[in-house]
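Top to bottom, those sequences are chains A and B.
Per this note's numbering, the first sequence starts with residue 455, numbered consecutively.
Per this note's numbering, the second sequence starts with residue 359, numbered consecutively.
In case anyone wonders, no lab produced these hints; they're calculated from the structure.
This one's a predicted model, so the numbers in the text were calculated from it and none came from an experiment.
It is possible that some hints are incorrect.
Below, in silico cross-link-like pairs of lysine-lysine (PhoX-like), each with a Cα-Cα straight-line distance of 20 Å or less [unchecked claim]: (1) B:LYS361 / B:LYS426; (2) A:LYS495 / B:LYS399; (3) A:LYS474 / A:LYS509; (4) A:LYS495 / B:LYS414; (5) A:LYS468 / A:LYS509.
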Amino acid sequence: GAVVSQHPSRVICKSGTSVKIECRSLDFQATTMFWYRQFPKQSLMLMATSNEGSKATYEQGVEKDKFLINHASLTLSTLTVTSAHPEDSSFYICSAPKWAGSYEQYFGPGTRLTVT
Amino acid sequence: ELKVEQNPLFLSMQEGKNYTIYCNYSTTSDRLYWYRQDPGKSLESLFVLLSNGAVKQEGRLMASLDTKARLSTLHITAAVHDLSATYFCAVVPGNQFYFGTGTSLTVIP
Chain A
455 GAVVSQHPSR VICKSGTSVK IECRSLDFQA TTMFWYRQFP KQSLMLMATS
505 NEGSKATYEQ GVEKDKFLIN HASLTLSTLT VTSAHPEDSS FYICSAPKWA
555 GSYEQYFGPG TRLTVT
Chain B
359 ELKVEQNPLF LSMQEGKNYT IYCNYSTTSD RLYWYRQDPG KSLESLFVLL
409 SNGAVKQEGR LMASLDTKAR LSTLHITAAV HDLSATYFCA VVPGNQFYFG
459 TGTSLTVIP
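Given the sequences, and given the hints that come with them, work out the whole structure.
Laid out in structure tokens, this is it:
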């Protein structure tokens, strides 16, 4: 079964509103989680690294004030897209290492965001 | 700038044929991953290659890694329709994944 879940799986929001996406590790603790964005027919681009109990690390070009990341517990990281615009419409995927220091990642099922 | 390039980007092949997808990367990486993605879905792990010369096979897919050439291949043998998907390689310099450009594979009867 899935070991990393995301909620919601699909969301449609109006331009200018904010939307929160949750990423949960099931049955294991994840001090680090990763957030990716994937535009249609493109590759996955790392947006940020979410660290439990500390600030997220953002990749170059990703606006930290627009994409708010909170990793408040060892099993939950949230990504909030603030003041969403149509160009933010994308597939957002999170991942977590199988265990601390593990080479391998569990990927969440993804969240399809559509901003109208 | 780190680059992970796949070739070809699009591949249409007939059932029963063989083909190879290439993944070139521009940075040192001790390990390389191959993933499959079906439309609208997340990633499915196929292979983890952890050392130079590593070769892994699962069914009709075989992956290899040459860290000196910074090249990995994903070989498809006797393709079947179920293999139609997008395939990504990924390198991990440090602890962050950098994905390749992707190869969209369509297997036609």
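(request) Give me the numbers of the hints this structure contradicts, sorted from smallest to largest. (result) Violated: hints 4, 5.
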